[in-house]
Amino acid sequence: MFKSKTLTIICTIWGIMLLLIQSLNAQEEKSAAFRTPLLEKIEVDPTHTEAYADYRLRTVEFGSIMLRDAFVSPLRLVGSGFKIGYNRLHYTPQALKESSTGMFAGIAIDPAAEFNLMLLNFSGQYSWQFPVLEKKGWQGYVGPWAQGFGNMRFALQNVNNVLGYDAGLDLGVTGRLAYKFKPGRREFILTQQLSVPLASGFVRPLYTFTGPILGETDSEVSVFQFGTLNRRFGWIYKASLDLYRNRKRKKQVIERVPYRISYTFQYDQFSQSNALQSAIQTITFSRILKY
Amino acid sequence: MSIKQSYPVLLLLGFFLSFSACSELLIEPDPTDNPVENFELLWREVNAKYTFFEYKNIDWQAIYQKYRPQVNEKTTDETLFNVLNAMLNELKDGHVALIAPFNAASNRSWYFNYPPNYNANIIDRNYLQENRRIILPFRTQWLADSTVAYIRYSSFSDAVSGESMTELFKYYGKAKGWIIDIRDNTGGSLGNVDAIMTRFVDIETKVGAVRYKIGPERDDFSKFFPYLIKPSESNNKYLGKIIVLTNRKVYSAANFFTSAMSTLNNVTILGDQTGGGGGAPYSGQLLNGWTYTFSTTLLLTPDNQQIENGVVPDVKVDLDPADEAKGVDSILERAIGLLR
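If you read the protein sequences in the order shown, they are chains A and B. Letter 89 of the first sequence, counting from 1, is numbered 89 in our numbering, and no numbers are missing. Letter 89 of the second sequence, counting from 1, is numbered 89 in our numbering, and no numbers are missing.
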């Protein structure tokens, strides 16, 4: 179904992203004491870099999708789907290194349920965020951000089955603002994060037909569109609430287990030709694994 | 949990709701369902995606000026249907259709304005007869003292399997010639074109070309892709003389089959010109739930020529009314004569 050059491009982008994450994670930070959002004070010992806080989340997120694919239908398609994600936050005294990967799968239908479109979204993000604010419960971070992405859309259109896909690399900035507060005896941390690409490179065929007959692929066509920000735009907003759930035995708190409720809004847009807009929203509740 | 303690959850809920509204702002809602918006949507869709404007020399903007004043927000469903159908009829294309719960309309001028050149009763009673052999989806019979095979295929929507082609070869492989009658076959799946033709070639053969509309501008077409038929791995291939019978009601996939078969040296097309339909249809939906179809693909000859208006036969023969009155199919008889 994919042409070999398309596969090569997708694999190259993913490879670069993977190497980027590995190499940046390998760097070690050594500096003075530093507080993580979960309020642990890190005592820096040059010989024990393991002291740095490392949080991981494995998530199954549920959400909605809204999109308009001008080639498939002029009507807005709305649907739902789920996402499997993995998120890692590595706090060091100098910077927060965040990496995440995820795959969203969803089905969107038109208002009369006449046509449907299946969507698969793969993405991997990496950011290096520097603390810029720490004041009265507020913590702010800003830093460079990179994203590798790939999308596949499949629609059954009469005798033409339409496959659209795109893959690319975004480079941009991310900003994170966290606020710790204590209503009563409980502790919460509310975090918002916005990631915006400033430069993008992508490939996007217009369009591939897996037809004209279902199951026949002899007449496949791909016309590639290459571009940067003038042809693609998007952003990711995340809001999360970290909280502790106390585990008790005989009214004694024996363990404080951190959990996170998180909400993600991801918007992607390709302009001419055959304009495409998609908005994916997901929400999840998951335990924070701390190392 | 007290009200104060629930603040964070409410705050997060607030973000969720506000961003839900954000997607509504970013991806504009569909226009309101009313006759004017439905007219506009259909006109725009055809304008951006239809493939034959230049070939048919159609001024779609002028058609807008002609029909748009006939629709306003108080236009009834019946009137709107008639106006939209009249507008689509300007395309003179059998693949163009408008489907509402109370009516479905499509252009039929491609066969209504021509002689039928096919009489199903005569074929059924005088040629297939009672002792026909049915190798689904084909109706078959020996003709001309069991020297010529007659194979009737009435719709490309009826799936052709490798097994049925093997059975055809088993019974008729030694015939002097095959007559494949596709008159009144209005098309279906192109997959069946491949399934049949794979038994008629011994090397990979280019029998056509395909081109796709890939953007809204008039010249936003893909390059030409070859339509190739690969020979079957089976030894059961028929490389003898073949005559394909056609009339004006041969359309779409059947039209392409005729064009593709005409590229083979051992094939003669006999009868009337086919009805055309040189594109694969695309479906869409209006705001009121009505659906429409029109062509967004070009199916072409191997040298990239249009077959939208039909394929001209090698031998032009019409059904003779005098023969027809006697129960004789003069087109089929001519084919038998050529193969004897």
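No lab work stands behind these hints, which were simulated from the structure alone. These numbers come from a predicted model, not from an experiment. Every residue gets a Cβ at the ideal spot worked out from N, C-alpha and C, and that includes glycine. Treat the hints with care, as some may be off.
[Claimed, not checked] Going by beta-carbon spacing under 8 Å, a handful of chain B positions derived as facing chain A: (1) L41; (2) E45; (3) A62; (4) I63; (5) S155; (6) A159; (7) I214.
[Said to hold, decoys possible] Simulated coverage check for chain B against chain A, where a stretch passes if three residues somewhere in it have a Cβ under 8 Å from a Cβ of chain A: (8) 25-31; (9) 75-86; (10) 280-286.
Quick rundown of the hints versus the structure:
1. L41: 6 Å, holds
2. E45: 6 Å, holds
3. A62: 22 Å, violated
4. I63: 19 Å, violated
5. S155: 14 Å, violated
6. A159: Violated, about 11 Å.
7. I214: 5 Å, holds
8. 25-31: Contact hint for the segment 25-31 of chain B vs chain A: holds, 5 residues under 8 Å.
9. 75-86: violated (count 0)
10. 280-286: holds (count 6)
The structure is inconsistent with the numbered hints 3, 4, 5, 6, 9, although it conforms to all the rest.
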